[in-house]
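2 protein chains.
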Amino acid sequence: MANKKQNYNHVKLYRKKLPARTVERLSKYRRLLERYSLQSENYIYSHDLGRLLNLTSVQVRRDLMLIGISGNHRKGYNIKELIEQINKIIDTEHGHNITIVGMGNLGRAVTKFIQYNQSKMNIVAGFDLDPKKTGKKIAGVNCYQIGTITKKIRELEIDVAILTVSPDAAVDVTRILVGAGIKGILNFTSVHLDVPSDIYLKNYDIITSLDEIGFFIK
Amino acid sequence: MANKKQNYNHVKLYRKKLPARTVERLSKYRRLLERYSLQSENYIYSHDLGRLLNLTSVQVRRDLMLIGISGNHRKGYNIKELIEQINKIIDTEHGHNITIVGMGNLGRAVTKFIQYNQSKMNIVAGFDLDPKKTGKKIAGVNCYQIGTITKKIRELEIDVAILTVSPDAAVDVTRILVGAGIKGILNFTSVHLDVPSDIYLKNYDIITSLDEIGFFIK
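The listed protein sequences derive, respectively, from chains Z and C.
Count along the first sequence from 1, add 1120, and you get the number used in our numbering.
Count along the second sequence from 1, add 1120, and you get the number used in our numbering.
Bound conformation, chain Z alone (with noise of 0.2 angstroms):
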């Protein structure tokens, strides 16, 4: 029990100290070494994993480092054992509840990657204004109405939003999201979003990302 206490305490200190660059690459990491042990691959240097993500073997030991693995000089890093220390840092026990908000052709074709491509995180509900759309399953994932959000946010206890719905509804979309208790927004809308500063806030603004594209290539 003691130790028990004491290994959580140790996982809370490493994660107090990491940069969103670090968990970046943590998230990295992992799915590449998940793609590795299917290989029946045991163990990776640094070198090697630093070479498939395009990093010196330098920064890979120091983000191991960082959440207090340090390889073997001989065969490298535990695969198996570095993939549950990056679990212990970057996932909660349960793993989050997330919604789409939006299911619209974009709302599903996000649903489907994430399933397809197994992030930690649970689909717990999608959210539309369409009548044909909820009361129903869509992408595998039941569909409900708008005007229900901040109830269905408390009573399944969903903290993370991705948000696809029209440009014009995404600013009082996001309103009601913050004001249900949701902590973290993926924004695809291409809006600008004015949250609180305890919102984690990331933004894939296609439009903009194909302007700066355009303009570094001509």
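Hints were generated in silico from the structure; no laboratory data involved.
Any given hint could be a false lead.
Identical copies carry no separate label here, and so any pair may be met within one copy or between two of them.
As the list claims (entries may be wrong) - Calculated lysine to aspartate or glutamate pairs in the EDC-like style (CA-CA distance at most 20 angstroms, straight line):
1) LYS1322 to GLU1275
2) LYS1322 to GLU1144
3) LYS1338 to ASP1318
4) LYS1253 to ASP1318
5) LYS1232 to ASP1288
6) LYS1338 to ASP1211
7) LYS1338 to GLU1204
8) LYS1338 to GLU1275
9) LYS1303 to GLU1277
10) LYS1257 to ASP1292
11) LYS1272 to GLU1161
12) LYS1272 to GLU1204
We have chain Z already, so just place chain C on it with the hints.
What follows is chain C alone, placed relative to chain Z:
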């Protein structure tokens, strides 16, 4: 004629020194302003533009100075002139030709999203492996067999690809795209891509972003 050339040289000069963040913001200003001008407003103040995007008015004025525009103290910025100057700076004359590689759920949804949001880019082709999808129009875009991709990219002068293939195909398809002369890639596959330094690669890694959101909200 001399005047035209001088203008062109100015535009080239402005372009040269713009960092990615500025280009991003210019793209966002333009999108907002286009909405504004629909509402038949003629002028906007830097602090209004800033407020709508959570930026300081100083930041807005600095960005617009970088493209050679200074506002009128009393009236603010002329919206029409501002949009035109941003067009001149960040667009090419005829727009870029882009392709959606992988016309599954996500590819089709992204195609429709880009059309709906009136990007300055022209989607001129889609590609897929599935013979049920090829040889016809999908979401208004001609969908070709992926085997013809190198030929078609050259023929249609495509320089940007949006990658929505399955993860297993991502690395191989990217190699083909680069070989065919693609200069910019928006990668939706959540697979790490290793491209030459002259390719402008932008990653939309949904799985990693969800891990990151999950980590920082707990």
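Unsatisfied constraints (hint numbers, rising): 1, 4, 10, 11 and 12
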